[in-house]
Amino acid sequence: MTQAVAIDHHEPIENTSTGLNSRKLMMWAFLGSDVMFFGAFIATYLVYRGKSLVGPYPSEILDIPLTTLSTFVLLMSSLAMVLALHYVKDGERNKGTLWILAVVVLGAIFMGFQFYEFREFGHLGLTPRTNIFGTTFFILTGIHGAHVTIGIIWMGFMAYSSHKGALRPDNALDLEIAGLYWHFVDIVWIVIFTVIYLISANDGPPPGMESMITH
Amino acid sequence: MANLWQKLTHHKGNGWWNLPHTASNELNPPHEGPVGGAWLGNWWRFWTHGGVSHAGPKFYWLVGFILAVITALEVWAFALEGLGAWYIPILLILAVAKFIGVVAYFMHLRFDKPMFTWFFASSMVVGVLIFVALMFLMENAHTPVLF
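Chains W and L are the protein sequences, given in the same order.
If you count the first sequence from 1, you need to add 73 to reach the numbering used here.
If you count the second sequence from 1, you need to add 1 to reach the numbering used here.
Hint data in this document are derived by calculation from the structure and do not stem from the laboratory.
Be aware that a few hints might be false.
Unchecked claim - Short derived list, chain W residues pointing at chain L, Cβ under 7 Å:
#1 101
#2 116
#3 151
#4 256
#5 271
Unchecked claim - Quick look at which bits of chain W chain L covers, simulated, 3 or more residues with Cβ under 8 Å:
#6 117–126
#7 179–185
Unchecked claim - Below, in silico cross-link-like pairs of lysine-lysine (DSSO-like), each with a Cα-Cα straight-line distance of 30 Å or less:
#8 W:124 with W:237
#9 W:237 with W:168
#10 W:237 with W:97
#11 L:59 with W:97
#12 W:168 with L:59
#13 L:59 with W:237
Bear in mind that the values here come from a model prediction, so they are computed numbers and not experimental data.
Ideal Cβ positions, reconstructed from N, Cα and C, are used throughout, including at glycine.
Given only the sequences and the hints, what does the whole structure look like? Please build it.
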């Protein structure tokens, strides 16, 4: 099968009934299913939002400045990813490798932030078993973190491949497919940051129950 | 206005949003700027590799910068604490802008074969429907709070 060489240049029509590259289509299909996967967890979080009867509540523990920083790091990793793909397609091996490594490092920093946040929440008394906020929060952000971890490992292999010269303009599709996965992880975080952090940051006990609730 | 809309959304005569009929009209026009042709395309071409590609590093840095600014605006809206009922709609609009920025430019859907856009957009529609259905289902079921 003919492989798509580059988006930025004239792409060949693939020798498939749709004219689309099968591997790339498979990744988009996976991402489509992942949209529904995350959609279900985000909906669950929102349904149970503000219904915890015991603390800690989001208003007591969410650290917006810290999460803003980690959000910025993940956003910049997406930029690094698209630059890496550009340079690999252009045949600039060193620059390509460097930017793929930047993706790995930025992804690892993001995971460092998440690890620190989970640890702090644990110290403050919030675990997945503490209340319904803890359950829905840890499941959603934990699954996202698992996605990021898989992406970091994948990018590590890509960096090694690029360093060894095995990743070239003619098979840059390998990196492009990995990149689609990485960017998807970023767009999921865009939604999580808005919904879980910014919108829920001031959530306390359920209205009218403040006096009945013990911490 | 209609002309500008055409420039923004169309893909060398084949509408970006049009479902392609054959593999042949899925081809990616090689000399088109990220947001259309004519003067706007020429301006954008400044940010590309002299017109030989859709977008170059400068353009990606620009998109990255815009996404960072939008993130800053989100946090600013959070810190403002005076937006009232506008707070959530503003945040959602900013999140959608970031989402589109990453999907269209970093994931290359704006430059890629339109079938991929259709594929992902239809997944999003189903995903949002599942999201809304779950919200209604669980809200109306008066799910007890366990702890």
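Quiz item: When the hints from earlier in the document are held up against this structure, which numbers fail?
Solution: Hints 7, 8 contradicted; others consistent.
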